[in-house]
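Trainee: If you want the building blocks of each chain, they are given just below.
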Amino acid sequence: MSGLPAVQELAARHRLRWWEALPWIAGIAAFFLFPNYLSFGTLVLVTILFALSLDLVLGYAGIVTLGHAAFFGAGAYTVGILAAHWNWTEPLSGLVAAALVAGAVGLVSGWVVLRTQGLTLLMLTLCTMALLEQAANMFSGFTGGFDGMPGLSFQPILGLFEFDVLYFRSQYLYALAVLFACFVVVRMLVYSPFGRSLTGIRENLLRMHAVGAPVRARQVFAYAISAAIAGVAGAVFVHATGYVNLAVLGLDRAAGVLIILILGGYGRLYGAFVGAVVYMVLEHTLSKAYPTAWQLGLGLGLMLVALYARNGILGLIDALRRRWSTP
Amino acid sequence: MSGAGERSARASQARATGALLETRRLCKSFGALQVANNIGFRLEAGARHALIGPNGAGKTTFVNLLTGVLAPSSGQVLLDGEDVTRLPQAKRVKRGIARTFQINQLFRGLTVLENVCIAVAERMRAGGGMLRPAGLRTEVTDEASRLLEMLRLSADAGRRVAELPYGRQRLVEIAIALGLAPRVLLLDEPAAGIPSAESHILLDAIAGLPPEIAVLIIEHDMDLVFRFAQRITVLVSGAVFAEGTPAEIAANHEVRAVYLGSAIDA
Chain B
1 MSGLPAVQEL AARHRLRWWE ALPWIAGIAA FFLFPNYLSF GTLVLVTILF ALSLDLVLGY
61 AGIVTLGHAA FFGAGAYTVG ILAAHWNWTE PLSGLVAAAL VAGAVGLVSG WVVLRTQGLT
121 LLMLTLCTMA LLEQAANMFS GFTGGFDGMP GLSFQPILGL FEFDVLYFRS QYLYALAVLF
181 ACFVVVRMLV YSPFGRSLTG IRENLLRMHA VGAPVRARQV FAYAISAAIA GVAGAVFVHA
241 TGYVNLAVLG LDRAAGVLII LILGGYGRLY GAFVGAVVYM VLEHTLSKAY PTAWQLGLGL
301 GLMLVALYAR NGILGLIDAL RRRWSTP
Chain W
1001 MSGAGERSAR ASQARATGAL LETRRLCKSF GALQVANNIG FRLEAGARHA LIGPNGAGKT
1061 TFVNLLTGVL APSSGQVLLD GEDVTRLPQA KRVKRGIART FQINQLFRGL TVLENVCIAV
1121 AERMRAGGGM LRPAGLRTEV TDEASRLLEM LRLSADAGRR VAELPYGRQR LVEIAIALGL
1181 APRVLLLDEP AAGIPSAESH ILLDAIAGLP PEIAVLIIEH DMDLVFRFAQ RITVLVSGAV
1241 FAEGTPAEIA ANHEVRAVYL GSAIDA
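Residue numbers (my numbering), protein chains in the order written: chain B, 1 to 327; chain W, 1001 to 1266.
Bound-form chain B, shown alone (with noise of 0.2 Å):
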């Protein structure tokens, strides 16, 4: 029975394949050939973990969403007002209460704003991160209002390594390790059965219904665990830089993190590395080449990517690459 080819290739689909080595190999080498750009190098693996958490929720469930940055937020603003006003500065259980607080407020977001869809859902998500920011703006006893919480700094990770200022060597290796550790999870996520039916949902939602899958609950469900990993990547941005803002949970993020995820390509979990390391390169070296016309490069860019490759990059390769192989 299960000698149908079809089986076989289902059961060998979440295998390890040789190239995923290749996002680690690179992360690690860059840190031995860009020692001077280790502080930009923390801010892309940064923005890797936020790209796929946001790949969870709308590569894999379908849910559009454009305030994906209230998570992210959630986590920074957690880790800075725990150390800030308790002193709670250990890095790792910060990490934890991250997780914990933006899983919260995606559980409890993603339970009144997933009962609508499309438009009004988009606008919903809109609105859950402009309530977060204007909280942020007016309690400002607490989280420091417009100016935010400079000067933060953390206890050595697991005791052992002092956050490096200067160099941001111990960061760097610090956002490498924590993103893996989420792409872990995120991975087994994908290739298990919940990960499949969130992929049904985004298929047809009238057909899983009608298969009797409790629809609304897995969607909410995948909406915290992307959330409490956005919450996360937000965490590791405060202990990697030191300080936390109102633009860790303003429009702009929220808005490039999906830019970026549709420039790597959406639904296959490598197009948040593709598209992070792509945007963020092009970003970096045009603002230097041309400080007041690289926005409209990078504009021009992505209208292309938005106009011939639907897909994205990776998308692009893989059709390329299709050709290629059939004659």
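Among these hints, one or two may not hold up.
[Stated by the list, open to error] Across the chosen pairs, the derived CB separations fall in these ranges:
id	chain 1	residue 1	chain 2	residue 2	range
1	W	T1138	B	W24	30 to 38 Å
2	B	Q134	W	M1130	31 to 39 Å
3	B	F34	W	R1159	44 to 52 Å
4	W	M1130	B	P156	31 to 39 Å
5	B	D147	W	E1139	53 to 61 Å
6	W	G1109	B	S287	31 to 39 Å
7	W	R1095	B	G159	49 to 57 Å
8	W	K1091	B	H85	45 to 53 Å
9	B	L16	W	Y1166	21 to 29 Å
10	W	T1138	B	Q134	47 to 55 Å
11	B	C127	W	S1196	47 to 55 Å
12	W	M1130	B	H85	33 to 41 Å
13	W	K1091	B	W88	21 to 29 Å
[As the list claims (entries may be wrong)] Listed below are several chain B residues computed to face chain W (Cβ distance under 8 Å; list not exhaustive):
id	residue
14	L4
15	P5
16	V7
17	E9
18	L10
19	R13
20	Y191
21	P193
22	S197
23	T199
24	N204
25	L206
26	R207
27	A210
28	P214
[Stated by the list, open to error] Among the chain B residues that face chain W by a calculated CB cut under 10 Å, a handful are:
id	residue
29	A11
30	R196
31	M208
Just so you know, these hints were derived from the structure itself, not from any lab. Here a beta-carbon is modelled for each residue, glycine too, at the ideal position from N, C-alpha and C.
Knowing the structure of chain B, use the given hints to seat chain W on it.
Mentor: For chain W alone, coordinates are given in the frame of chain B:
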């Protein structure tokens, strides 16, 4: 909540009379438009029952009321003698009511095998599992490949649904429904959109359904209906117009007048 004793008493009463699925005075209206009018309907265990009627008679609405997609304005739906009127769709599926759609509702980007696996995993309550990869759940993939073999879809198991001809996609609809191990199977125009050259595959598939499943088929193809059905219900303007054996329905002059006429004479 009714007591367990009362429930089992009602269930045994239902078993005694043989109605697996039953509706009582079922009504549904959208504003002034009455789409289900006092429908009393019984589907016996293991039945082969057809529901026919002109376009707009409320056949699909009736299926939606049976499956819980729509809530009735009044009246009851009973499964095995138990009132399921207030149960949401997912709970009714768990109790054994499965359906196919008039227009394919499939996971088009996924393979045929995956389509069926998703349904089987939900039925086995494994659809929310997060640790073990889906492909390694052999109890799910074995059952799915058994169903594909039964519907002669094995050769297409690894193809994406979107790449299949429409007729074969209709079979995937049935495979998904069977993956839910239904006691009641509601087929909403299974032959719709299939070229006549391919319809024999579908007819074979329907004829080969496990005999213990009660099947209600909505169909316009009178050949299929009269070959398949042991009982026929005629629905007109949301109300039961006539019910009987195929011979009785074919002989019913009023039914001929409103609906069958040309289809039978032809």
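Trainee: Now, for every hint given, state plainly whether the structure supports it.
Mentor: Here's how the hints hold up against the structure:
1. W/T1138 / B/W24: 30 to 38 Å: For W/T1138 and B/W24 the Cβ distance comes to about 31 Å; the hint holds.
2. B/Q134 / W/M1130: 31 to 39 Å: 35 Å Cβ-Cβ, so the 31 to 39 Å window holds.
3. B/F34 / W/R1159: 44 to 52 Å: Holds, at about 45 Å.
4. W/M1130 / B/P156: 31 to 39 Å: 33 Å, holds
5. B/D147 / W/E1139: 53 to 61 Å: 58 Å, holds
6. W/G1109 / B/S287: 31 to 39 Å: 38 Å, holds
7. W/R1095 / B/G159: 49 to 57 Å: 56 Å, holds
8. W/K1091 / B/H85: 45 to 53 Å: 47 Å, holds
9. B/L16 / W/Y1166: 21 to 29 Å: 38 Å, violated
10. W/T1138 / B/Q134: 47 to 55 Å: Holds: the Cβ-Cβ distance is about 52 Å, inside 47 to 55 Å.
11. B/C127 / W/S1196: 47 to 55 Å: 53 Å, holds
12. W/M1130 / B/H85: 33 to 41 Å: 35 Å, holds
13. W/K1091 / B/W88: 21 to 29 Å: Violated - the Cβ-Cβ distance for W/K1091 and B/W88, about 45 Å, lies outside 21 to 29 Å.
14. L4: The hint holds - B/L4 has a Cβ within 8 Å of chain W, the shortest such distance being about 5 Å.
15. P5: At about 6 Å, which falls below the 8 Å cut-off, the nearest Cβ of chain W leaves the hint on B/P5 intact, so it holds.
16. V7: 5 Å, holds
17. E9: 6 Å, holds
18. L10: For B/L10, the interface hint holds, since the closest Cβ of chain W sits about 4 Å away, which is under 8 Å.
19. R13: 5 Å, holds
20. Y191: 4 Å, holds
21. P193: With Cβ-Cβ at 4 Å, under 8 Å, it holds.
22. S197: 5 Å, holds
23. T199: Since chain W brings a Cβ to about 7 Å from B/T199, closer than 8 Å, the hint holds.
24. N204: Result: holds, 5 Å to nearest chain W Cβ.
25. L206: 5 Å, holds
26. R207: 4 Å, holds
27. A210: 6 Å, holds
28. P214: 6 Å, holds
29. A11: B/A11 check passes; min Cβ-Cβ to chain W is 4 Å, inside 10 Å.
30. R196: OK, holds: B/R196 within 10 Å of chain W, min 5 Å.
31. M208: 8 Å, holds
Violated hints, listed in ascending order, are 9 and 13; each of the other numbered hints is respected by the structure.
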